[in-house]
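There are 2 protein chains.
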Amino acid sequence: MARPRNDIEAGQERLVEIACAMIEERGAHALTMQDLASRAGMSSANLYRYFEGKDALLEAMAEYWFRPKVAVMEAVLASDLPPRRKMYEFFARRFVLIRDAWRADPVAHQTYMELGEEYFEQVRSYVDLADHYLCEIIGEAMAEGFFAGLEVDEALSLVNQMVAPYCALSTMTMAMERLSEDKLARIIDAVFDGLSGVDRGARSVSGLRAA
Amino acid sequence: MARPRNDIEAGQERLVEIACAMIEERGAHALTMQDLASRAGMSSANLYRYFEGKDALLEAMAEYWFRPKVAVMEAVLASDLPPRRKMYEFFARRFVLIRDAWRADPVAHQTYMELGEEYFEQVRSYVDLADHYLCEIIGEAMAEGFFAGLEVDEALSLVNQMVAPYCALSTMTMAMERLSEDKLARIIDAVFDGLSGVDRGARSVSGLRAA
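Residue numbers (this note's numbering), protein chains in the order written: chain C, 1 to 211; chain V, 212 to 422.
Hints are not guaranteed to be accurate.
Claimed, not checked - Partial list, computed: chain C residues near chain V (C-beta under 10 Å):
(1) 85
(2) 88
(3) 89
(4) 92
(5) 187
(6) 197
(7) 198
(8) 200
Derived by calculation from the structure, the hints in this document are not laboratory data. C-beta: ideal position from N, C-alpha, C; glycine also.
Excised from the complex, chain C in its bound form:
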């Protein structure tokens, strides 16, 4: 579901907003198609003209939740920033959006997180999209000589692991009070200046001798 283009899409958008208000007030488990129809002042039969079932509704809610995050990722991708700045903004702007929502209403935030864990199928395509965009930034960085000796997929996995608290939603929620844009900037600088496919001594082939 993109931004509304016709009456059905406008109706879907309005229903998603009502459904989000309902779960923010009463938790994820309070959401039923019948309650949504009632709250929207329409019959259940009419509601099913907009969403053929709860899965379709949840998919639209995921799209609605992720839409501003996708927008900032796409704005960063389209910018002419150097790769290091791009990667920082890619994670930082998304992180700030989510942190601000968490600060405004931590209980509502937790409700969306639980909903996302329960209906991960509706979330997975956004995780894949973010990985796709991150691969583009990694490719630009590699063209400038960064991440020498790593394949794009290896670099993708390593970067996602090194910034996990600013990226993986459940990890972010748990660590939120210890996260900051300053720390993220230090980590992205470490990614660019320290990450490569060359073994520089962290792991010894012979294992731990002295312990």
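Once you have looked at the hints, place chain V on chain C.
For chain V alone, coordinates are given in the frame of chain C:
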């Protein structure tokens, strides 16, 4: 509770082993003092000679679960490895212990994770102890010129964030299938070669211009 030194401690150790077997078989919520007494073939009154309540039992179970992890951390700390190797082994050996337990019985592993989240007070002292040891390694690294411009506490927070999937138990559990010693070694090399208090361009003071 350290390793058993007298009859009471030997009895506590045996009861902890029985309690662990019970939650591995039946889940965290199956554990009651009454069931434990019954399974151990003793009266409830006798059980309370060993543990004055469920909190004391859970504390002993946490000590039992963390004991091998503390042992590998202490062995690494006592070694004469250089700081880079030490930090890798510090995270890697603990990670391998937990991953092997997860591989052997993922359901039991999940039960311990849920128990740890529910009774976090019993877990916190081990988190603090791990941070204390990690600070020692960071101090040794700083003495060799690494992490220039960072305070020990800043470096501690940044390192914990950069290795979160190998360190924070719930993050580790979610990411387990994508984690490896090879990736951890690349991350520790990036920590040592890339992490400092010097801004190298990830974050622009003027913000994002082009997006």
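State the violated hints by number, sorted upward, taking the hints as numbered earlier in the document.
Hints that this structure does not satisfy do not exist here, as all of them hold.
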